[in-house]
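Student: Residue-level listing of the chains:
Number of protein chains: 2
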Amino acid sequence: MDEVRLIEVKQDIHADNERVAEELRKRLAESRTFLLNLMSSPGAGKTTTILSTIEKLRGSLEIGVIEADIDSMVDAERVASQGVSAIQLRTGGFCHLDATMVSQGLDQLQLAELDVVIIENVGNLVCPAEFDTGAIVKVMILSIPEGDDKPLKYPLMFSLCDALLVNKIDYLASGLSDFDVAKLRERVHRLNPGIEIFEISARSGEGFGEWSDWLRREAKRFLAG
Amino acid sequence: MDEVRLIEVKQDIHADNERVAEELRKRLAESRTFLLNLMSSPGAGKTTTILSTIEKLRGSLEIGVIEADIDSMVDAERVASQGVSAIQLRTGGFCHLDATMVSQGLDQLQLAELDVVIIENVGNLVCPAEFDTGAIVKVMILSIPEGDDKPLKYPLMFSLCDALLVNKIDYLASGLSDFDVAKLRERVHRLNPGIEIFEISARSGEGFGEWSDWLRREAKRFLAG
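Protein sequences, first through last, are from chains A and B.
Residue numbers are given in the numbering used here: position 129 of the first sequence equals residue 129, and the series is strictly consecutive.
Converting from the second sequence to the numbering used here requires adding 1000 to each position, the first position being numbered 1.
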């Protein structure tokens, strides 16, 4: 198991986040690092999705992970146990990541050896939507048990993401959920006509072909400059 | 269906929230209104739990609801359609409720006719934990699909609540979740030894006897002064 490095991050309230995010994107273009910001509610399946995605892209793209957590290291330890380079950012109560915090995480990774870095943001559908982390693409997960009404209630998050992963799709067959995928797609596309939507199960691997093809294509296009 | 009143609330950044919350509690003691702050992740089942709780306590306690939402009225409309007094607070992007916002909601309810007011806070396990709304008790929901590791990751919320409702307990039998209820109880009690934990299904009504008995007892004790 790789050792997990822990960084305690603090928000720099005097920094202009938009400016820091733009500088970070310049740095990523130079180092040829495709940075992906992954957001969702608590428990929607971010860590399992990251692990299944890395597994699917193994041999094709070298991927590192920045984990954000308020007060624990469980996710980073889980990722590192799969032999993946992982950094844990502990936000000390903070509800989102900003570009300065992400930059501190990137400082600790060997960017020359990585094609892609995935940020696992704090589990929260509200605050992370409001802060540019400097990422090249923004991806969100909505899980079936959360319900198909979430675009009505957290519209900003759905509006600004490049891709939406509808996770725990296997819960549909349990008969416990009345989630309507067609209704969800309609609500999401009304907010964000260009968004890509993939139905997945991070646990079973269902749907990971299409999603990882999209991610590989986006990353390769960026890396080709 | 009762008409839903919509109030656009803004945070008063100059107000001392602790002071406003204390004043609100004095007002609640005078009006004999038991105020309950209900918090959870998005999609954990707050609205369904509120409706099932009101149904269970009908004839015993008169209950009104303050719904918080960033940008929609769907929850308040659903509650009002059951003949319940409901106020919708639209927070305009704001990630939590504070005591000033709750006070504005209470101004719109006929408190003399109500024994209990339930606040449905914004779906978020981080920010709402940091703001005293003036409530007499704080209750949170964790749903089975979110996973049993959440106390490790959002400790403040679990530390300060008086009761925890473990919802969607029927998902345990689906075979899709490896949620360990004993492990959850141990993690929660380590943070908060005095918390009451109830296992429920808001959809089927399972576990609502014990939970509503507790709520009735707490409310009656407060109302008896």
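Note that these hints are calculated values from the structure, not bench results.
Worth double-checking, as some hints may not be accurate.
To be verified - Between beta-carbon pairs, the in silico distance windows are:
(1) B/Leu1006 to A/Asp178: 22 to 28 angstroms
(2) A/Ala29 to B/Lys1183: 43 to 49 angstroms
(3) A/Gly92 to B/Arg1221: 34 to 40 angstroms
(4) B/Glu1113 to A/Gly93: 27 to 33 angstroms
Unchecked claim - Straight-line Cα separation of at most 20 angstroms, EDC-like style, residue types lysine to aspartate or glutamate; simulated pairs:
(5) A/Lys183 to B/Glu1077
(6) A/Lys10 to B/Glu1130
(7) B/Lys1183 to A/Asp71
We put the CB at the ideal spot given by N, CA and C, even for glycine.
Student: With reference to the structure, classify each hint as holding or not holding.
Tutor: Hint by hint, here is what the structure shows:
1. B/Leu1006 to A/Asp178: 22 to 28 angstroms: holds (26 angstroms)
2. A/Ala29 to B/Lys1183: 43 to 49 angstroms: At 45 angstroms between Cβs, range holds.
3. A/Gly92 to B/Arg1221: 34 to 40 angstroms: Holds: the Cβ-Cβ distance is about 37 angstroms, inside 34 to 40 angstroms.
4. B/Glu1113 to A/Gly93: 27 to 33 angstroms: violated (39 angstroms)
5. A/Lys183 to B/Glu1077: Status holds; Cα separation ~19 angstroms.
6. A/Lys10 to B/Glu1130: Roughly 17 angstroms separates the two Cα atoms, so the pair holds.
7. B/Lys1183 to A/Asp71: Holds, because 18 angstroms separates the two Cα atoms, which is no more than 20 angstroms.
Of the numbered hints stated above, the single one contradicted by the structure is hint 4.
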